[in-house]
Each structure stands twice: as structure tokens, then as C-alpha cells.
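A.B. asks: Sequence lines, in order, name chains A and B. Read in order, the letters of the first sequence are residues 1 to 269 in this note's numbering. Read in order, the letters of the second sequence are residues 1001 to 1346 in this note's numbering.
A couple of the hints might just be wrong.
[Said to hold, decoys possible] Listed next, the in silico PhoX-like pairs over lysine-lysine satisfying Cα-Cα at most 25 angstroms (straight line): (1) K258/A / K93/A; (2) K1033/B / K1230/B; (3) K1129/B / K255/A; (4) K258/A / K1129/B; (5) K93/A / K1089/B; (6) K1087/B / K258/A; (7) K1089/B / K1033/B.
[Said to hold, decoys possible] Residues on chain B that point at chain A, a partial pick, calculated with CB under 10 angstroms: (8) F1011; (9) P1014; (10) S1060; (11) K1064; (12) L1118; (13) G1123; (14) I1133; (15) G1235; (16) E1307; (17) E1321.
Worth flagging that the hints you see were computed from the coordinates, not collected in a lab. In this text, a Cβ means the ideal position worked out from N, Cα and C, and glycines have one as well.
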Amino acid sequence: MNRAEWSRFMTMYRILIRSSFRSRMQYTFNFWVGTAAAAMINAVEFALLAVVLHRFGTIQGWSIAESGYLYAVITLSKAMYRSFASDVHHLEKYLVSGDLDGLLLRPAPVLLILMTQNFSPRFGETLLGASMLAISLGAIFEDDPAIWTAIPLTVLAIASGAVLMFGIGLLTASSGFWLTRIDALQVLTEDAARTAAQYPLTIYPGWLQGLLTGLIPVAFINYMPALYIIRGTHGAWTLGLSVAVSGAMLLLSLKLWKFGLSRYQSTGS
Amino acid sequence: MIEAIGLTKEFRVPDPDASAKRRGLFSRRSIPKQAVSDISFTIPEGEFAGFIGPNGAGKSTTIKMLSGILHPTQGEVRLGGINPHRKRKEAARTLGVLFGQRTQLWWDLPLRDSYDILAAMYGLTPERKKDRIEELENLLRLSDFMDTPVRKLSLGQRMRGDLAAAMLHEPSILILDEPTIGLDAASKRDIRSLLRDINERMRTTILLTTHDMDDIEQLCGRVLVISKGKLDYDGGIAQLRARIGLPAVMEVTFRQAESAAAAAGELQSLGDSATEAAGGLHGPEPLSPAAAGIRLKSLEDRTLVLECDLKTSSSVQVLRELEKYGELEDIRMREPEFEDVVHKLY
Chain A
1 MNRAEWSRFM TMYRILIRSS FRSRMQYTFN FWVGTAAAAM INAVEFALLA
51 VVLHRFGTIQ GWSIAESGYL YAVITLSKAM YRSFASDVHH LEKYLVSGDL
101 DGLLLRPAPV LLILMTQNFS PRFGETLLGA SMLAISLGAI FEDDPAIWTA
151 IPLTVLAIAS GAVLMFGIGL LTASSGFWLT RIDALQVLTE DAARTAAQYP
201 LTIYPGWLQG LLTGLIPVAF INYMPALYII RGTHGAWTLG LSVAVSGAML
251 LLSLKLWKFG LSRYQSTGS
Chain B
1001 MIEAIGLTKE FRVPDPDASA KRRGLFSRRS IPKQAVSDIS FTIPEGEFAG
1051 FIGPNGAGKS TTIKMLSGIL HPTQGEVRLG GINPHRKRKE AARTLGVLFG
1101 QRTQLWWDLP LRDSYDILAA MYGLTPERKK DRIEELENLL RLSDFMDTPV
1151 RKLSLGQRMR GDLAAAMLHE PSILILDEPT IGLDAASKRD IRSLLRDINE
1201 RMRTTILLTT HDMDDIEQLC GRVLVISKGK LDYDGGIAQL RARIGLPAVM
1251 EVTFRQAESA AAAAGELQSL GDSATEAAGG LHGPEPLSPA AAGIRLKSLE
1301 DRTLVLECDL KTSSSVQVLR ELEKYGELED IRMREPEFED VVHKLY
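Extracted from the complex, chain A is given alone in its bound form:
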């Protein structure tokens, strides 16, 4: 792929996102209610965690602010992943209805077009995650100038986490080319794994920690980077390894996607 082609794809991506957003804004009421609801659900979820933390003070040595940081990072990663690639998560819909046909007819990468469909900017989650991140970081680095290096590193961790979630999401979605129905699998690899990673990994038994690090590596979204960025118990390699895991997951998922696309069976008519 040459540079001219890439710039065309980026223009296309921008126009598709804009059109997708405008389509969505035809139903303004629905959009804002959805945004508010998403923010509220996340707020309630975190409030529950806060109550527990408040009662016990710490979770396995993680303070309330540190837990808040883990929660904020994964919330922002998810918001980023879902904003920029919303329908990767909904590939099943395209496989069942045969709607993928239309995307395959265009002289552009199918994945790129898929990513722009039903663009849903996660304003609610982004706002909530960003405020939680600000509060947590503020509390952790009270009177400590380390916060100024923590901020860019956290941004890197969030971006890397978004790529990792995208990779996991795409890998799961691609299995749909063989399995067609994948919603149950998605609950496992995306929802359950992410929910688990909202808490410090140390609260889980060893086998589950291993699973969340080795098999569905959600630990690399927030826990591993946090060990370096805010805890300082481990070296910078935890962050570096996280970025590497994200990259590897991305490559693997793109491979499976490409292979799956050649096995696409479409629908009856």
C-alpha cells in the first residue's frame, strides 16, 4: 500500500465517520439519552466499587485512588476502541444478515469501512473516565511532581490498551467467519475479561491471574502499566511489554481477519 492510497483511505475514513455521525444525529434524542445512560451506568458501577473500597480502605494493598486509576484507564481504553471501531464488535450482525457483501464491493479495506459504521462517540464514558483519572492521579501524586511524567505515560497506556482491546475484539469477531454466532464468546473475551480487569489483579486466585495475563491478556491494558506508572514497584519494562503485547495482538487479529474474510460465506440471497 503506497502513500497516496493511504491518504485516500484516511480521507475516506474521515468522511465515513462524519456521515455515520450525521446519520446518528438524525435521532438526536436517542443519541443524548444513550450517552447519558452510558455515563450513568459507569458512574453507578464505580460508585459500588468506591463503597467497597471505602469500607475496607484498600484492596490487597491497592488504595482507593490506585483502584480508581485502573478503572479510569480501562474505561478510557474501551471508550477509545469503541468510538473508533464500533462495529467490529457487531460483526456478527453483518455475518448473519449478509451485510458484509456491500463492504466487500468497495476498493478499500473492508475493516476500515466496518470501523466507521454506526460511529458512536463515547462521550459519556470518556468524560467519566477522564474525570476519574484526574481525581485518582491528583490523589496519588499529591504534592509530587512525578505526576507530570505520569500523564503522558498514562495516555500511552490508554492508547495501547485501546489497541489491545481492538485486537481482542477483532480476534473474537473474526472467529465469526467460522462460527457465525459469537455473542456468547464475546461476553467471555470482551465483557467478562474487561470487568475482571477493572479491579487490581491481585484479588484473584493465581490461575485466574494467569488467564487474564496469558490467555485473554487484559492485564496489559491497565494493571501492568500501572505497576510502573503509579506504583513504581516494577520497571518501565511493564509498560514496554504492554505495548508489545498490544502490537502482537493487533497483528495476530489482522491475520485471522484476513484469513476469515476469504472464508466468508455470505447468506442465501
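Assemble chain B onto chain A, guided by the hints.
C.D. replies: Frame of chain A; chain B shown alone:
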């Protein structure tokens, strides 16, 4: 130019022989089933070809292989020399596809926006986009509803909009999957004359599928018939007619019920031995010239309903034949419908 070379597509379907128990919760034993087997044809540049066949014959599967959506199990497709399964993006530029049953326009946005988006996908320059939209707007008369959201368009308008979308990037090949489906008679005529225009003026190669035989008769110089996954016929319409024959339906009323019964009895026994003669594509030659192509459909009181092949025996001959059994009182003829004729093929 569209080339299909030995196209075969196998799907895996659940094994019907596996016992219900073994098919149960865990194992999904499957066996390969050929949806399309060994189809080859070439449609030269500028030709307008029709592709017909009953539901489930493999028509959609073939269309999807031709347009690069499905990968064939065996065989190869070339669109203007490019293999869409090796170079999908390159082939997509030479190809415009319309699915009559499914719009490719952006449902919630004004029609015009769809063209902006497509122009960006195909990388048209602003000038070329403007010219092209103007041209299509005139040709397909889109001006009245260019700024209407697609979801508010009538089916006929939407189809015209979809046609423009398929042609925006000036493809040299158009694949149209049921472009007249669901349209009223006037809209159908409209779409047909537009398609004829496009084919003649722009020398666009067109492959069209339809269930409406008028589309085929009025547009296509060539017909491909697919049945049970195999190419059954490939040639002109006139030859197709000749090959199937021209079955007409005749209602003949005798003066006496006994004569009717006698004639019916005779035809029945003849029919049993020569069923294939009238309709079958690969049937043997008619056994007796007199009974050729005459088949009994029903007998009601004094009236016989007959099907006869007007190619092998004229209606006068048929009547003369029938008069042997008794005096005739009334005759009614129904002209053969091309659609019915082709359905016989299936």
C-alpha cells in the same frame, strides 16, 4: 468483459445422515455440498446478458463469486482481466453492483450524501465527481429527490438512486441482481429503458438476474440459465424459445361428453409414452407426429384442457386430430407466456 472459468462453490452443510444424537449438542458433523459446479462462460465487452434460474439454483452464489464477495472453491473469475479474489480492490474499481433487495445507499442521509461518500471511497477528484453526478442526475432523473433522505424515497426512486450509486465510478461492468424487483409496471419500464440506454451509450457490459421474463426479453441479447448449480443453457433468446418449444394452452369443448372422454383416454395413454416430447430440453423426439406435443392437463365434463407445442403441430392440426373423436362445440386458446415457458426449464 466478464470471465468465469470452471467456477465451483462448495458449502459445508450439516450431515443429514448423522444420527440425531450424534448431531446433538457438541459435534457438528458436516458434509460438503456443491452449490455451484463447474460453471464457465465469457461475456464480452458491451454485451447485455441475462442470468436466470429458480431460487436455490446457485444464482446468487454465482453472482457473489463474480463480484468477488465469495471465494470459489475451484475455478477463477476475471473482470476485465482482473481476478477479484486476488486483487479485490483493483477489481472493485471496474465493477458496479446493484442488489435490488438491499440498498447500498446511506439510509438516514440525503441521497446526495451517498454519492459524496462513494466518491471518497473510489477516490474521484472533485471535478470528476461533479461531472459524474450531474450526468447521472440527468440520465436517471434524480434532481427531484437529491436532497431527500433515502429512507423517504419510493422504491422506484431508490432503485434509480442505487443504480446511480453503482455507476458513479464509471465501471465498465455492471452486475445487477434483480433490479426490477417489487417495482410497479411503469417503474419497471422506466428502469429497463435506462438500462438499455446505459448499455448502448456507454458500452457497459451488463449481467442481470431477474425473475421477470420481460426484463430478459426486452433487454438481453443472451441468456444464461442455471439449474441445480449447473449451467443449463447459454445462448440467444430465439434459440431458447426454439429449444423449449412454444406450449400453448387450449380449451376444447366437445358436443358430447363421451367423445371428450374417448379423446382424453387416448391422449392419456399416448401422453404416458411421450411425456418428454413436449417440454423436456433433452427429451427424445416425439413418438408420433399426430400426438406430438399434445398433452392432457384436465378433463371436466365435456371440456378438455390441452397443452400443445405450436412448433411441432399447428393449432389446426391439433383440432383436426381431435375432431376424430367427435364434433367440437367451442375452442379457446391461450397464447404461450414466455415466463411460463422458461419455468418449464427449471
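A.B. asks: Under 10 angstroms is the threshold here; is the Cβ of L1118/B close enough to any Cβ of chain A for the hint to stand?
C.D. replies: With a closest approach of 8 angstroms, the L1118/B hint holds.
A.B. asks: The hint names G1123/B as touching chain A; please verify it with the least Cβ-Cβ distance against 10 angstroms.
C.D. replies: Holds, because the Cβ-Cβ distance from G1123/B to chain A comes to roughly 5 angstroms (cut-off 10 angstroms).
A.B. asks: Should the hint that K1064/B touches chain A count as held when the rule is a Cβ pair under 10 angstroms?
C.D. replies: holds (6 angstroms)
A.B. asks: K93/A and K1089/B: Cα distance at most 25 angstroms?
C.D. replies: holds (24 angstroms)
A.B. asks: Hint G1235/B vs chain A: min CB-CB distance below 10 angstroms?
C.D. replies: Violated, about 26 angstroms.
A.B. asks: Does F1011/B pass the interface hint, meaning its C-beta sits closer than 10 angstroms to a C-beta of chain A?
C.D. replies: Since the shortest Cβ distance to chain A is 7 angstroms, the answer is holds.
A.B. asks: Are E1321/B and chain A close enough, Cβ to Cβ, to be under 10 angstroms, as the hint says?
C.D. replies: violated (45 angstroms)
A.B. asks: Sort out whether K255/A lies within 25 angstroms of K1129/B, counting only the CA atoms.
C.D. replies: Status violated; Cα separation ~35 angstroms.
A.B. asks: Measure nothing beyond the straight line between the CA atoms of K1087/B and K258/A; if it is 25 angstroms or shorter, mark the hint as holding.
C.D. replies: Holds, at about 13 angstroms.
A.B. asks: Measuring from the C-beta of S1060/B to each C-beta in chain A, is the shortest one below 10 angstroms?
C.D. replies: Status holds, d = 5 angstroms.
A.B. asks: So, as I understand it, the hint says P1014/B touches chain A; can you test that by seeing if any CB pair is closer than 10 angstroms?
C.D. replies: violated (13 angstroms)
A.B. asks: When the nearest CB of chain A is found for E1307/B, is that gap smaller than 10 angstroms?
C.D. replies: It is violated, given that the least Cβ distance between E1307/B and chain A is near 31 angstroms, above 10 angstroms.
Going down the numbered hints, you'll see the structure goes against 3, 4, 7, 9, 14, 15, 16 and 17, while the others check out.
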